[in-house]
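Asks: The chain contents come next:
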Amino acid sequence: MNEKKASQPVTGAVMVVGGGIAGVQSALDLAESGYFVYLVENSSAIGGVMAQLDKTFPTNDCSMCILSPKLVEGGRHLNVQLMTLCEVESLEGEAGNFTVTVKENPRYISMDKCIACGVCAEKCPKKVEDSFDERLGPRKAAYVKYPQAVPLKYAIDADNCIYFKNGKCRACEKFCPADAVEFDQKPQTHTLQVGSVILAPGFKAFSPEVYDTYGFGKYPNVITSMQFERILSASGPYEGHLVRPSDKTEPKKIAWLQCVGSRDIHHGAHGYCSGVCCMYAIKEAVIAKEHSKEGLDTAIFFMDMRTYGKDFERYYNRAKEETGVRFIRSRIHSIVNDPHTDDLILEYVDESGQISSEVFNMVVLSIGLEISDEMKNMAEKIGVKLDLDGFAETSAFQPVSTSRDGVYVCGAFSGPKDIPYSVMEASAASAASAALLSTARGSLTQEKTYPAEEDVEKEEPRVGVFVCHCGINIGSVVDVPSVKDYARNLPNVAFVEENLFTCSQDTQQVIRDAIREHRLNRVVVAACTPRTHEPLFQETIREAGLNRYLFELANIRDQDSWVHQAEPEKATAKAKDLVRMAVAKVALLEPIERLRVDLNQDGLVIGGGVAGMSAALNLADQGFKIYLVEEKSELGGHALKVQKSCKGEEVPAFVKGMVERVENHANIEVLKGTRVNDVSGFVGQFKTSVQSNGTPRELDHGVAIIATGAHSLKPDLYLYGQNDRVTRWHELEEKFDEDPGKLEEAEAVAFIQCVGSREPERPYCSKICCTASVQQALELKTRKPDLDVYILYRDMRTYGAREDLYKKAREQGVLFIRFAQDEKPQLEAVKEGGREKLQITVKDHILGRPIKINVDYLNLATALIPRGQEEMAKFFKVPLNNDGFFLEAHMKLRPVDFATDGVFIAGLAHYPKPLEESIAQAQAAAARAASVLAKPYVEVEPVVSLVDQDLCIGCGLCEASCPFGAIRLHKVTGRGYRAETIAASCKGCGVCAAACPKKAIDMMHFRDRQICAAIRAGGARQ
Amino acid sequence: MSQTFEPKILAFLCNWCAYAGADLAGVSRFQYPSTIRVIRTMCSGRVDPSHVVEGLKSGFDGVFVFG
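Chains A and B, in that order, give the protein sequences.
In this text, residue positions in the first sequence follow the working numbering: the first is 625, and each later residue adds one.
In this text, residue positions in the second sequence follow the working numbering: the first is 2, and each later residue adds one.
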């Protein structure tokens, strides 16, 4: 957070390297906050590994469905320049003013001309193993990376193209209808001026060939977890049918082997934990069982089940108890293949010491994450240091800063991590960039200008209909000329036209000309889906002076020609119906003005811990005025009690420095001893009443960040509170610091994990306790090497690089004893040789029998619990989850946002997490807040609810049913209550309109009469 | 009466999920009966009972709301 402000002028552009979810998130955050972005991707399309995944944990969302909108947004943002097939050659200059050299490899297909019809791939005779499908199926040498690729442009893989090999073929060139194939393209070099760089190259999945005893590559039914994702995917090599590679039969039994390439110092594998494999293996097992019609048996072989994230433990419990996934604690040494059946035999020792042998039809290797040699080369060219495992070196205090000033990092490149944490870091990296470059905000970004809008409301509708062939996509099934002729005779239609590609650049000109020439005031395009193409055509008609909302798309491709390929006549009839419905609706559409709400550019941060302070500092460094509210009389929160970060850095000095910066920052007003009493308003215009040291005060602000922290449980267990030798969290350290003699005298110390966590009443993992206890144990061993230290645990969850601490602790002689949830340690105060001791009785997992340990002190790792968040949740109309933590807008892709605009979350109030994750999340919240604050107003989608004040009876059903707090009752003198829309918060879902018993609410652009016109037009019998 | 009854169905699909699903069916080239007519809404919650009635009155044999 201690970013130096560059003293000379800086460049308001950023290069983001890597087009996976992290890179795209960084790019969008920056572009929305006033910075121009070059998004550099080395393959032919953005999307990264997330595009390959089938479902995502813990919500089982379809990965592609949630990713795709972000990719489309990134692909068409005016201030994001996509640079595919590009790699960074060099980076010169310094923070604020870098010169980057980028090499662009040839695509051999013109981006401008390619219409993505797929003819090149269809005609290409050369089959290649598809790396996107993890080599389970073929693609052609002329290919598109995946069907939803952004940019949706084909490429020629020169390494495999027949023409490049022996000079003959050129089938793609011959058949391409758009003349887009360009075999003479050469590599090009680009020089870019940027102020900062964000590295988001992601990771490489571990190659399990090095484990010769697993037979990967030799046994056809031993596959990687990435291959299993592709098998499950509907767009994968087997079209979503769960079959095994050898004979395409449905497996009856599948095993997952965990920690392949991770937590292993042999075989060219890695010592660190890859952090994501436990969860994805459970997810794959659960989804596999859903796919299989008859009872599929799934077994996961693991060492420690590391389900430490938000809602992960619940997911694990459900998989175990409801779905029936088997969990077997055993590391498998080798796989034996039955050559007759290609079944696989696993031998293992289970927890009771029993040797078993089981036959599986398929074995999935849960491969870890690693950094590829290409990424290491890139890091060297850019000049950032890597750690011993090859990940970008960062500090826990500056989790997204690399060793080179002005170069930031996010995602798995700085350590194994899952999607939400990568997205969080992506936003954090954009926040760090924005703080560095704030003086140049808006200097390189463009805002588009338009001609004045025609007033068409009083005119009779004159509809233009454009019917698209989409190459052969529509035209080969639907009789386009007949649809066009049919449209000509529909009511209000003044112009019809058919186009080979209605979306191509030249057709946009055709549409604009037709609007002017034929005085069209409404436009229908019959083509593909509005989800991807509506904004494009809306933009076109706006450029011709028509309001954006005088437009309708008839989806005659995705929902017609593609799904009725064998019934051309019926498909044509359907296309006519869809056009008729669109024309009927468009004739009733009204121009809608984009809504702009005034914005107060100040921000409010609630909570003065490290998360709150990090968020406040970043926004203040970006130039925004921030109120930082803290209930207690001092800043610092939980971190005041922490001695060392997981990387061994001194926390007290860091917190002290941070408090000083916050208290002296010109843009931050710190309000200590201050409580929030009430909140009103909405994004752009919040009003918060606080009680500051007894004095009431009103704060006006545009956004709010909630960072109210959490507490640790004071348990009613293990003699806590009854025996002063029983402590929790940092109390033991404090005891020894106060009186070093106590440590001197002590012979043995124990830690008990999961006290109050992972229990039926609190079914979540507190995430940080394993690492905290291991660190404390190591510290005690350093201070007193002959001290006996025991850690009693259920699963050791030292995820990611923390695994190294666990390994060190074992090397130092810390004794780890695992206990089961239903066989908890028993504690008794005893006397031993006249000295007071604590006697722990616990069943040792190796011996299988109870042992007794006498210790001088027992430290409890108790659950982290939220407290008093209900009130704050009510103030801001944001939800809490079942455990009482704040619930973000989307667990995967919007980890710091709420569904309520302008409110963000960071730190422990969201879920237990270590310091560096709190800091990253706080910076992420700051980035998201800045994307709102950076504009002079809040622009909101005008498809909102509309209340007829005369029909409204003030019953409040709408207010109760609105999920966004976007409609509320207000008092009207003499008439009681009436509902009013808060446009800035309204998402246009229309639930209020359906709920209104008086039909007093209508939805802009989806008005009752507009929907009914479409219904009637669709139902009219021909 | 024709030999096979092909019901004409009106479908209200939520923009964010079911409509996206119908698009995905297209991308995946899943083939299904051609007698369905789709109206996109921003949320299936927008669909008012009167829209269902209107559909049936207009000659649809069935209405389905998906979201």
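Careful: at least some of the hints might be erroneous.
[Unchecked claim] Selected chain A positions facing chain B (in silico; Cβ < 7 Å):
(1) 717
(2) 727
(3) 728
(4) 729
(5) 1192
(6) 1193
(7) 1198
(8) 1635
(9) 1636
To be clear, the hints were calculated from the coordinates, so they are not data collected in a lab.
Note that the Cβ used here is the ideal one computed from N, Cα and C, for glycine as well.
Asks: Mind checking the CB of residue 1192 of chain A against every CB in chain B and telling me if the closest is under 7 Å?
Replies: violated, 10 Å
Asks: Taking 7 Å as the limit, does the beta-carbon of residue 729 of chain A come near enough to a beta-carbon in chain B?
Replies: violated, 28 Å
Asks: Does residue 1636 of chain A pass the interface check with chain B, least Cβ-Cβ distance below 7 Å?
Replies: OK, holds: residue 1636 of chain A within 7 Å of chain B, min 5 Å.
Asks: Go through the hint on residue 717 of chain A and say holds or violated, using the shortest Cβ distance to chain B against 7 Å.
Replies: Because about 44 Å separates residue 717 of chain A from the closest Cβ in chain B, which is outside the 7 Å limit, the hint is violated.
Asks: Just to be careful: measuring from the Cβ of residue 1635 of chain A to every Cβ in chain B, is the smallest value less than 7 Å?
Replies: holds, 6 Å
Asks: Minimum Cβ distance from residue 728 of chain A to chain B below 7 Å?
Replies: Where the cut-off is 7 Å and the nearest Cβ of chain B is about 29 Å from residue 728 of chain A, the hint is violated.
Asks: Using Cβ atoms only, decide whether residue 727 of chain A comes closer than 7 Å to chain B, and label the hint accordingly.
Replies: violated, 33 Å
Asks: Hint check: is the beta carbon of residue 1193 of chain A less than 7 Å from a beta carbon of chain B?
Replies: Hint violated; residue 1193 of chain A Cβ to chain B Cβ min 9 Å, cut 7 Å.
Asks: Taking the closest Cβ pair, is residue 1198 of chain A under 7 Å from chain B?
Replies: Nearest chain B Cβ about 5 Å off; hint holds.
Consistency with the previously given hints fails for numbers 1, 2, 3, 4, 5, 6, ordered from lowest to highest.
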